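**Student:** Heads up: the sequence lines are chains A, B and C, in that order. Under this note's numbering, the first sequence has 198 at position 198, and the numbering climbs by one with no breaks. Plus 1000 on top of the position in the second sequence (first one is 1) and you've got this note's numbering. Plus 2000 on top of the position in the third sequence (first one is 1) and you've got this note's numbering.
If you are wondering where the hints come from, they were derived from the structure by calculation, not from laboratory data. Hints should not be assumed to be uniformly reliable.
[What the hints assert, rightly or not] Chain C is faced by these chain B residues, among others (derived, beta-carbon under 8 Å):
hint	residue
1	1069
2	1155
3	1209
4	1213
5	1217
6	1228
[Unchecked claim] Estimated spans, in silico, between C-beta atoms of each pair:
hint	chain 1	residue 1	chain 2	residue 2	range
7	C	2175	B	1214	26 to 32 Å
8	B	1032	A	129	44 to 50 Å
9	C	2209	B	1255	29 to 35 Å
10	A	65	B	1214	29 to 35 Å
11	C	2148	B	1168	51 to 57 Å
12	C	2096	B	1147	49 to 55 Å
The structure presented is a predicted model; accordingly, all values stated were derived computationally and were not measured. Don't be surprised by glycine CBs; every beta carbon is placed ideally from N, CA and C.
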Amino acid sequence: MHEKRMTGPDKSVIVSGISKSFGAVHALRDVSFEVGRGEVVGLLGPNGAGKTTMVDILSTLTRPDRGHASIAGFDVGSEPASVRRTIMLTGQQVALDETLTGRENLVLFGRLQGLRRSAARARAEQLLREFDLVDAAGRRVGTYSGGMKRRIDVACGLVVRPEVVFLDEPTTGLDPRSRQTIWDLVAGFKNLGIATLLTTQYLEEADALSDRIIVIDHGVIVAEGTADELKERTGGSYCEIVPRDLNDLPAIARALGSLVPQQNRAALTTASDRIAIPAPDGANTLVEALSRLNSADLELADIALRRPSLDEVFLSLTKDPNQSAASHARAPAEPPSAFPVSSSNGSGGGRHRLNGRGSRRVTDVVS
Amino acid sequence: MRVADQDMKADMKRGSAVLREDAFPMVDRRFGENSLRLLGPHTWVQTQRLLVRLVRDPLTFVFGLILPICFLVVLNVVLGDAIRSVTGHSALHGSVPLVTLVGAMSGASVAAVGIITERADGLLARLWVVPVHRASGLLARIGSEAVRVVANSFFILCAGMVLGLRFNHGALASLAWLCLPAMFGIAFATLVLTVALYWPSTILVEAIATVEYLGLFFCTGFVPLDQYPHWIQPVVQHQPLSYAVEAMRGLSLGGSVLRPALATLLWSAGIAVGCAIPMVVGYRRASMRG
Amino acid sequence: MTAALAVTRPKPSTFAQWWVLTTRLVGPSVRNGEVLLSVGSTVIFTAGWYVPLNHIMGARSGMSSYAQFLMPLIALQGIAFASEAGALRASSDAVTGINRRFKSMPIGMLTPLVARTSTSVYRCVIGTAAALVCGYVIGFRFHRGLECAVAFCAFLLLIGVVLSYLADVIGTTSKNPEATTQWLLMPQVIFGLLSVGIQPAEHFPHWIQPVVRNQPISQFVYVLRALAGDTTPGAGSLTWSVGAPSLAWIAGAITITVPLSAVLLLRRP
């Protein structure tokens, strides 16, 4: 007999005004957000931002100082037992009994969740097949590789159906194939209407998996929205043009004419190796620029439409005291190169070298 | 690591296959998490796990059985004659109980290390988040220690009988004989677990060993009471290990049993009761995070 | 931050490296309880052997007091506990992988080993001091003059260093730091019991007397007793026949444990 009690139409997780301090450290300050059924929310933030504390509170491991939270309609403060029945938790460390075999771990968690021994065994076999761990099932978990440990960890959380899943940095240290398995799982959760709260440091992961992203820093939510909305906030698309011959840059700037704002034109120095123009029309701007350059008969090494990466969103939204100093110090000393240093999606590096200023400047240009 | 050589699409199919709605088993949720009916089954599942752990760790046998039995043999070789000449009886009546108690105590360090490691690994937290009776985790730890101590004591008793220990009062006395180290062993395990919850450090194991040897040296099972200097005889006489040894000696050799047995019971109950609340509080704090 | 990479590389001096590696082990030893533990264990075991056994063994010892008879064993226990602290440390280092890290740095091959040895000496000095204090408290005195007293301590230190190498080997190969001390403690007690440190060899059963007489601990005890002297002739005389077996044991131990320790430290990942 499954209990499915949900107050409110579609909200699996409701967090309202949660605050938590550990002595003098304010881990969370008046945090509020919601996660709907079947929604994947990514919780992003630097180390120490409060992400793990939030997950601890929602999984009944910690009591908040103030505020309320509810999971699938059950309040974490007054009904922790019911909350525990509806959640699945995987932490950063794989928390399994390493002296037991994979199969024994699955049976253990099955029985702890309330299954009878036979049902737990059957479910364990099923999960072993699905997670491709049948050959390793008889070995102690302590001998598994990182990817296998993570898979058996997740499997142990899936012996019964959860309503809400907490994934705390689930793919840290995994090879791409294992990471893909976890990503597929999250897709599966969505299909079943299971809400997922994903904490990750891999911004591409948050970008790819989350319906919504919440950026948290020093215990406070600094931004909330879809990945696209956040990128828009930090700076819209821009078009980056790299000439084959660096001396052509002034000619390119002339040829593009009105597409290049005065600031960008003035910022071109002898050390610049590319020019960036805002692209409010997206691909159309690119086409326009291309046609103008064509008619001026200028040769290009590269022309591309770029969006700010989530890295840049993250870095600009969360305070890093070293960041602004470093970017100013760095810019003049870097030698020009044809292609930008690749960040996770390859667009961020070039912009720093663009006109010697940090990324915020381009935001100013666009807005 | 063996992952099947399939392409990404097949992986996606596999991922979603796990999560078919009908694949999840049904769970009986009639009873609340903390209902008394569930305490037994929940505790049993966790006790089983801990026992499997103990059995798979070779140190359990080394510290609980092998080293104590070696110690028993050596003790007998070195002090056997001296004690027999002083008391007129075999020294085994005192040394076997002593070694049983020592084995019970030193085996507890394996459980202490276990709980410290599980806390550091996050397993303790994970077991807290699982919907089981809140008391079952702690009861399981004590339960597994109880089983270990009884089994341990039985094997050391067998070793003692091989060396020549005889029960003058029949087989029933030997059963009663086993109860005493069980009682003290459980109380000591409670103490050790409580300390491990508040002081999760590797030095704890050495501290346990030190207490163990202190108890060993100043116990009537090591050397008869009248051989100790007068000023320390009260301490030696009234410490729990001595009372336990006297009760066990009474059962095997003859002499007063009831008084020392009651004293052992009082000591064990006292330790257990004293540790009860700190242990519960400590376990909760160790499982939760803040 | 990248500016930090441009700093010129200093040239490492072997002496400085040795000093750093030694103080790394010595420095925290008071704070983390190592010193307290080994001194405490010495005190406890002194009381543990002396108080119960004084009466029952004292008369049979053949010396002026049981304290005088027992002292060599107490002294040996003092350095044994010191070595065990070293084993615990070695085991923790092996498990955390810091040895591996050191191996990838421009540290001379033997420097970590020498540093470990220096630390062992430091620990054994403390262990010897503790044992001497305990012995004094229960009534032990040096009866053969200053040179023999110094030789007593020097001999102890020598045994201690060799024992430390052995403990080091055991500690480095053990994957379980917590278990290491317990592993070492019980055998130490057993060896101590089966030696002439507790009672003279004649009082052991006949079949085990050869073992008791010739095991290394007993040999060390004979030498130490002779060096300490006594008011009665029970201490034995200071001749080569007394000392030779001990030196042979020590030489044998050195040839085995020192290279083994070096190999483990240098080769083990």
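**Student:** Now look at each hint and say whether the structure bears it out.
**Tutor:** Each hint, compared with the structure:
1. 1069: violated (11 Å)
2. 1155: Nearest chain C Cβ about 17 Å off; hint violated.
3. 1209: holds (6 Å)
4. 1213: Holds - the Cβ of residue 1213 of chain B comes within 8 Å of chain C, reaching about 6 Å at its closest.
5. 1217: holds (3 Å)
6. 1228: Status holds, d = 6 Å.
7. C:2175 <-> B:1214: 26 to 32 Å: holds (29 Å)
8. B:1032 <-> A:129: 44 to 50 Å: Distance hint for residue 1032 of chain B, residue 129 of chain A is violated at roughly 34 Å.
9. C:2209 <-> B:1255: 29 to 35 Å: holds (34 Å)
10. A:65 <-> B:1214: 29 to 35 Å: The hint (29 to 35 Å, Cβ to Cβ) is violated, given that residue 65 of chain A and residue 1214 of chain B are roughly 44 Å apart.
11. C:2148 <-> B:1168: 51 to 57 Å: holds (53 Å)
12. C:2096 <-> B:1147: 49 to 55 Å: violated (34 Å)
Figure legend: structure checked against the earlier numbered hints; hints not met, in rising order: 1, 2, 8, 10 and 12.
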